[in-house]
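Q: Listed below are the residues making up each chain.
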Amino acid sequence: MSDDDESLPPTADELREAAALAAALDRSHGAPELPVDAFAAAGVVRYARDGGALEDAAAERILDDVLAAVPGPAPAAERPWWKRPWVLLLPTGVGIAAAGAAILLTLRPGVPGGDLPRPSVALLRAQAEAASGGSSDALDAELTRYRATLHASLEERYRP
Amino acid sequence: MPPEADDNRRARLRRERALVARAQGGDRDAFGALYRLHAPELFARVLLPRLGSRSAAEDALAETFRKALEQLPRWKPHADGLRPWLSRIAANEATNMHRVSARSGRALASFEGLLGPLRESADLPGAALDARERQARLRARLDAVLPRLSPRYRRAIELRLVEERNREACAEALDVKLGTFDVVLLRALRAFRREWERLGDATPLPGGAPRARSQEETP
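The listed protein sequences correspond, in order, to chains U and R.
With numbering that gives the first Met the number 0, letter number 129 in the first sequence gets 128, and the count goes up by one each step, no holes.
With numbering that gives the first Met the number 0, letter number 141 in the second sequence gets 140, and the count goes up by one each step, no holes.
Simulated from the structure, these hints should not be mistaken for lab results.
Don't take every hint at face value.
These stretches of chain R come out as covered by chain U in the derived footprint (C-beta under 8 Å, 3 or more residues) [what the hints assert, rightly or not]: (1) 31-41; (2) 44-55; (3) 98-108.
All values derive from a computational prediction rather than experimental measurement.
By construction, the Cβ of each residue, glycine as well, lies at the ideal position given by its N, Cα and C atoms.
Isolated chain U, as found in the complex (with noise of 0.2 Å):
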């Protein structure tokens, strides 16, 4: 046993101390006398009863306080249509197309063939005997003819 001091009488440290201690327990706040070896073996007491557990209701009121100290990011504004990018970016797109036609219809050369000879009749049905298995000799014979025509037509348009 070591309470060899259990029967003396209190000295006046001890009494100022007793009555440091006993407030600090119930408050958590210290005076100048607070025995912080006696504070800190009550702590010890309480720290093995219970492990140091957060209590649940505790943990969720200090989540809470702490969402609310720390401003999250702000959510974005909700733009009117006529301000929103694709509403800016439109004309420019529309504009930006039709200066490049402008300039391939521009610089485009003159393409031959806008008039050119129209197959005959006859050489589009031997176009299509030979493709379903007949004879080919028609389709020779009207493709001689059609290239004649052409050549001719083209003769015609280049001739300087």
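For chain U, the structure is supplied; the task is to place chain R on it using the hints.
A: Leaving out everything else, chain R in the frame of chain U:
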């Protein structure tokens, strides 16, 4: 570390990394999940032993996570996850709280040194004792120390700190005046501390003298 424990740790770190990535993008639910993952350990193993007061430890926990929330977008992934980083913030917060305790009038007394080998560093995930096992060891030590005190001292501690009765009820149970009970409890706690240090291999606090304030108790 046993293979199962290693697998569990890796899985936990993977989940944590996913939560961190979401929280860094502003997802507050993910931050809440990280808080619930780490707050109990930080409270029980870092803050409460260093501050000795539940209310102070709760305030320090709030400040720890407030700073974590602010700094998380700049946090770089670490092999051991968030825990070492959070433990450092919490330990600094406890130190700051001791620094200002004289001005705030708050009663703080670290008992970290009294835990000795029962204390573990919260930033060593591999060495972490299961919380229940840790508490069982503490409880066993408490149960071993209390019978070594005089019946009156033991009863004073049990009434006030185990059963959490108020002072008046304790004085009445011991059939003494209120002021006398306060002195009995003071002496009982000093006797408890001596036996706690004598029984176990706890590291005595430097000096350990009665009246030694804050400088010795401050982590």
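Q: Are the hints correct? Go through all of them and say.
A: To see whether the hints hold, each was checked on the structure:
Residue count for the segment 31-41 of chain R with a Cβ under 8 Å from a Cβ of chain U: 5. That meets the three needed, and the coverage hint holds. Counting residues of the segment 44-55 of chain R whose CB falls under 8 Å from any CB of chain U gives 8; the rule of at least 3 is met. With 6 residues having a Cβ less than 8 Å from any Cβ of chain U, the segment 98-108 of chain R passes the three-residue criterion, so the hint holds.
Figure legend: structure checked against the earlier numbered hints; every hint is met.
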